[in-house]
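Please construct the entire structure, taking both the sequences and the accompanying hints into account.
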Amino acid sequence: MAIIFSAEVRITVPYKRLSLLRLLTARGIRFEIPAGTSVKGLLQQVLPADENYIEDSIQTVFMDCRAVDDIENTMILGPCTIAVSSAMPGVFGAAFRKKGVYSGLRCGYRETPGRRETENPDKPAVVTLKLFNKVAEDIGKAMLAKGIYMDAQEFLKFWKQQQEVLEKECSRTIIDGKPAEPGQIPQLLEGKTGDIRLEVLTDRQ
Amino acid sequence: MDKILRIQMGPEQAPAARTEPIGDYAGFGGRGMTSAIIAGEVPPLCHPLGEDNKLVIAPGLLSGSSAAMSGRISVGCKSPLTGGIKEANSGGQPAQVLARLGYAAIVLEGKPADDKLYKVVVNKDGVEILPADDLKMTGNYDAVERLKAEYGDKFCCLSIGQAGEMKLAAATVACTDMELRPSRHAGRGGVGAVMGSKGVKAIVLDDSGMSMRSAKDPDKFKEANKTFVAGLKNHAVTGQGLPAYGTNVLTNVVNEAGAYPTYNFKTGRFAGASAISGETQAETETARGGKATHGCHRGCVIRCSGIWMDKDGHYLTKQPEYETVWSHGGNCGIDDLDAIAMLDRLDDDFGLDTIEMGATIGVAMEAGLAEFGDSDRAIELVREVGKATPLGRILGSGAAVTGKVFGVERVPVVKNQSMPAYDPRSVQGMGVTYATSTMGADHTAGYAVTANLLGVGGNVDALKPEGQIELSRDLQVATAAIDSTGMCLFIAFAILDQEETFQAMLDMINSFHGLNFTADDVTDMGKKILKLERDFNERAGFGPKDDRLPEYFRKEALEPHNITFQVSDNDLDTVYNF
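Chains V and P supply the protein sequences, listed in that same order. Just so we're aligned: the first sequence equals residues 1 to 205 in this note's numbering. Just so we're aligned: the second sequence equals residues 206 to 783 in this note's numbering.
Everything hinted at is true.
Some, not all, of what chain P presents toward chain V, calculated at C-beta under 7 Å:
id : residue
1  : A441
2  : S479
3  : Y627
Bear in mind the hints are in silico, worked out from the structure with no lab data behind them. Values in this document were obtained by computation on a predicted structure and should not be read as measured data. Yeah, the Cβ is synthetic: ideal placement off N, Cα and C, and Gly gets one too.
Structural data, given as structure tokens:
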């Protein structure tokens, strides 16, 4: 089932600026998946990464702000936000790492509760996936090139914060199939609600 | 490194220096050295700004050698902020240079009879104590520039800004970095105020003509160092995450965990986190011609620091650390990295602890002195300190004083020291460390090093909630030991996961000093230091009532987890049962 979107945005930036756009993946990419899919299943389906990467490089996982230790047996039953990160520094990083030695330090909400039983496997669940740090660096570019769905206002907030650079560096902007000036983006997206589909291309692949 | 430099600042005599053998303090370095001298020589009930207090500056056991990551310097005293023992450590160049000059510590003693200001110059030819009234009420950046005009650019220095001269409880001791900028700070507990009370504006260190400290077993040391460096480079945190994004890599993740104290610890999530994340910071630094990867001292291989340029591409400050970005950012509702960088620069220049000042501004915002999110007003408030106004002096005295002056109940301090960037309701084990640390609320007091490797406190089942007390204890013991080596605490991530890297660290210490330390010995060293500190605090009047979080952490549930701090007082009182 496809995500309904209110606008389609395609922007082209120099290759060196892709790293800036990659930051968008930390703000949440929307997916629909069948309810009852495991967190690992989600990551396998939507990330351009192999199983080893998911097991070894993704060391910190959150579902709705709760650390997930067992990505294989933690199920997605309804709308939720999942964030993935590489290993993090400090005692905090150690405490929140998957099955970490120090997970006892986060006592109080250690387990992700109530997500093991599937209530309605046929119903799709909308998942907001956030990619942080090294994971975004490794995977973000490919996802942006393929196209992502994200909240229109979240995109707009990012655009306004980086407006100076983006307006200068975007070589081509197409909104809903029509060319637009980068400076017009805030105006064109201001009233949009829900998600947009965003594709980021580069001048040099 | 077999001698101690003692500088008597008065009042009975003019300032004078004497060098004495290390004597009974042999085997101590860094925090071990500072705490041993303070615990042994300073009357616990003395006034922190009085003549009986001492300021001890000590490089670590491996500082001045070619050991990677060995550039931390410890600064200790009785704290004017907490009233207890204090060790604050810093990166930058002074640890390496002081160690190469052969000093295991500099101890500032006494107090001048007048309000004259001095600078201490130490080089291979000896020690000079010179008038420095020309530097009065200069910021650290200005002071270092003037010292450069006099001494060239081959020195490094420790200095205080206006806050230290005013003897404010949030004052730091600044340490210059590799570019001779006063951007690294022994930040916590008001150590700069004690340096100010001694009348010392700057300590200029020049190791020209001195050579690197050499190991007793050079071959074994070289091999161990090589293995140690390889371990750091191979680890995902020390080899990838920290170099690429710095400590601020934590912002997005801590926020996602709902543990990011926001609006003066009112909630655990900040909507503007992404805009001030390490990822955004690194991208902006690179785009402006700064650096996202940079070492703070010679011999650093993790290089988690960076250089922040303003919008016009001019140097403004070093890359603000995670704690700074949080304290001046999310904690105050500010999502503007340029404003945060300016606040960092002002803190560094005036010589203020960024954690304490961010927490203080948060309390000031709660009191109505500014709106949460008003970055311009936050900058104005910090500038008040530099201008030495009455309001500035209040703010520069820290969050606890500011809370009292303005009648704020919600003040996030333990032993009067502000909490760092992890809400103890979401990370309850961190709350145990905040409550019970000898230093006051301090995230680095129980940083890392695996309980399993060091075997402190028996085998802990970390997955059980009741393991938190034991974990916090283990971490505090291990951290005290690491702080004595002069090694950066960030090595902990690699030695946490890789046994061979931990062994390499032990091999470095052993081959350098001709010792045969085991993990148990490291543990014993950590325990010994903690006991010294704990004993000092008890003699200074501290008891169980001081090992508590503020009441509201037990009453106000934190969103999004709707949880309060739940570790019992009885359990907290067992942390030091070893």
